[in-house]
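Q: Just so you know, the sequences run in chain order X and G.
Counting from 0, one number per residue, gives the positions in the first sequence under numbering that gives the first Met the number 0.
Counting from 0, one number per residue, gives the positions in the second sequence under numbering that gives the first Met the number 0.
Source of the hints: derived by calculation from the structure; they are not laboratory data.
Hints are all accurate, no fakes.
As a list, the in silico EDC-like pairs of lysine to aspartate or glutamate whose alpha-carbon atoms are at most 16 Å apart:
#, chain 1, residue 1, chain 2, residue 2
1, X, LYS24, G, GLU150
2, X, LYS287, G, ASP35
3, X, LYS24, G, GLU166
4, X, LYS306, G, ASP35
5, X, LYS411, X, GLU398
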Amino acid sequence: MTAQGAQVRVYIPCDTTAVACGADKVARAIERIARERQREIEIVRNGSRGMLWLEPMVEVTTPEGRVAYGPVSPGDVAGLFEADFLNGRPHALRIGKPEEHPYLKNQERLMFARCGITDPLSVPEYRSHGGFRGLNKALGLAPAQIVAEVTESGLRGRGGAGFPTGIKWKTVSEAQADQKYVVCNADEGDSGTFADRMIMEGDPLLLIEGMTIAALAVGATKGFIYIRSEYPIAFRQMNRAIEAARDAGYLGSNIAGSGKSFMLETRLGAGAYICGEETSLLESLEGKRGVIRPKPPLPALKGLFGKPTVVNNVLSFTSVPVILDDGAAFYKNYGMGRSRGTQPFQLAGNIKQGGLVEKAFGITLKELVHDFGGGTLSGRPVRAVQVGGPLGAYLPAGELDTPMDYEAFAAKKAMLGHGGLVVFDDTVDMAEQARFAMEFCAAESCGKCTPCRIGSTRGVEVIDRIIAGEKREKNLRLLDDLCETMVDGSLCALGGLTPFPGQSAIRHFPEDFDKPSRKAAE
Amino acid sequence: MSTPSPGGHSGGKPGAESGWDSAEARRIIESYRGLDGALIPMLHALQDRFGYVDDAAVPDLAAALNLSRAEVHGVITFYHDFRRTPPARHALHLCRAEACQASGARALEAHVKRKLGIDVHHETPDGRWSLGAIYCLGNCAAGPSALIDGETYGRLNPEKLDALMREAEAGRKEAAE
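Taking the hints into account, I'd like the entire structure generated from these sequences.
A: Here it is in structure tokens:
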């Protein structure tokens with residue numbers, strides 16, 4: 000698509016948060032008023048730049064570059080036209096050039112380099128912004144060389160476990176089978192995370208490129224993206240992007256004229272958190288109940304339909320194109336310790352400037368919550384930050400100096416998980432949050448193993464007794480014992496990690512678990 | 000072969016009012032038979048069309064996929080999305096996950112329960128609203144969030160939610176700003 004003459008391009012994100020805050024209505028209003036005023040415009044539904052507190056953020060192209068306005072509500076549109084926003088003129092909502100906003104300027108965007116900038120479904124635009132360069136390099140390499148590059152980069156699985164991606168690929172690559180698969184885990188169920196969603200909505204071709212490189216590396220000819228049903232927009236965008244890539248010859252039986260074949264399909268989840276666990280996801284892809292499989296056998300050897308399968312998170316795949324394009328050494332240069340590269344951190348919950356911040360590992364929680372996030376939205380003090388989703392620990396305000404690094408978090412009995420941060424202010428009741436973690440596990444357990452299925456229900460009951468002040472010391476000991484059983488005895492991470500949020504809450508906020516006796520003392 | 004659109008979260012659709020049509024259900028099932036792991040796509044497609052998956056579909060699904068009826072029943076009941084009875088006219092799902100809790104979801108839930116006079120996972124006696132819980136819509140920086148008839152809304156408060164529900168009832172998509 001080329002801009003004709005003085006026609007202004009107007010970017011209105013199709014991102015879920017933008018749409019949830021009215022972007023579709025804003026788009027309709029802009030279209031209508033432009034028609035009434037006989038102004039030629041081209042509306043592009045881009046992804047979000049990740050400054051989510053400013054969504055819907057509308058951008059226009061001007062001779063000086065793109066100028067942003069936000070957050071725009073449908074009622075603001077007439078006024079924006081009055082102020083001549085199509086020429087980038089002043090208005091109360093004018094933000095200026097988005098790339099000069101400190102929130103974006105201070106990031107290190109490798110995988111989110113294009114998100115929010117390009118038309119997500121345009122293959123030519125993707126290519127003109129560096130897209131498919133990684134794939135083209137991969138096509139010139141032997142599978143073992145691709146695997147070596149990924150291993151050398153230090154990339155660790157971004158789904159939460161942090162397993163070295165290159166080693167997983169090597170196992171699948173060396174397995175002998177008539178059919179191998181590449182599966183993308185896009186069942187981003189952790190509260191406080193939305194990076195997978197943003198990439199699928201804002202730069203879906205990047206995921207296709209990353210998965211295709213994985214397929215070349217391991218010798219797979221078929222791939223699936225398992226997307227949760229709570230993400231209808233991401234599902235739609237991904238399907239359209241697959242079609243666009245196929246039409247342009249980047250998917251199918253002759254990828255970029257190489258003679259190599261890779262077919263990609265999407266599948267929709269059906270509202271089961273457990274399907275984010277890789278073996279449960281594979282069961283679900285096969286059309287079964289999402290009950291986990293014991294490991295071994297590893298999915299790398301016996302995965303989808305019993306065949307060797309690479310299962311990676313969206314962000315693992317989307318890290319790969321830049322590694323192939325710029326080299327392992329370039330990528331490895333970012334990060335700290337054994338956490339290499341960049342991670343899109345997601346700032347959520349009670350936060351003033353919520354959104355997506357891609358930075359090298361090593362940035363501290365404090366920098367994310369205060370420098371980027373601007374503290375709480377309510378203006379009250381930060382009391383706790385839950386990192387890594389519903390199974391992640393709650394860290395108190397005093398521990399915000401912790402660097403974002405797999406090992407530093409493990410040392411604090413916490414985990415980075417998928418890089419989501421949920422901020423709570425001082426009105427939070429940590430006993431309620433501890434109870435919720437067990438309640439959530441009880442609702443979402445697949446039922447396969449007893450510690451998770453029964454333990455979570457018993458956990459809710461014991462925490463209820465503690466909250467009520469019933470034999471407090473005895474029940475705290477009982478809860479400890481129960482948590483130990485769940486951690487050591489559960490088959491997968493759901494039961495195995497569920498105790499962590501509650502235990503961290505008791506460790507850091509004991510006063511919230513002692514209300515009846517404190518009340519009595521008053 | 001078309002890809003099913005995400006179902007499960009929508010309220011009753013115009014088509015649903017005409018009731019279950021076994022012949023059409025069988026045609027839908029047939030059209031997905033070529034897919035790998037076809038059962039869940041079939042269930043989504045049926046629910047997308049009828050608003051629910053009638054028990055009458057179970058033998059047809061089992062026959063199409065060479066499964067036992069028990070296996071099909073097991074899958075339908077495992078996943079939160081699939082319902083076995085016709086839906087209420089409108090479906091409201093409140094996000095109950097941590098990021099929304101941090102921004103007021105518990106208060107919003109209390110408001111809705113009072114307003115509708117029902118608990119979560121229930122329907123109003125007049126069949127107008129069903130109230131469901133959902134754990135994360137990926138709108139975590141702009142909570143609290145809810146799904147109303149399949150559409151995600153963010154930055155909600157009781158007044159905004161009331162307005163959106165009124166508009167859903169009036170059959171208008173344009174929401175209060």
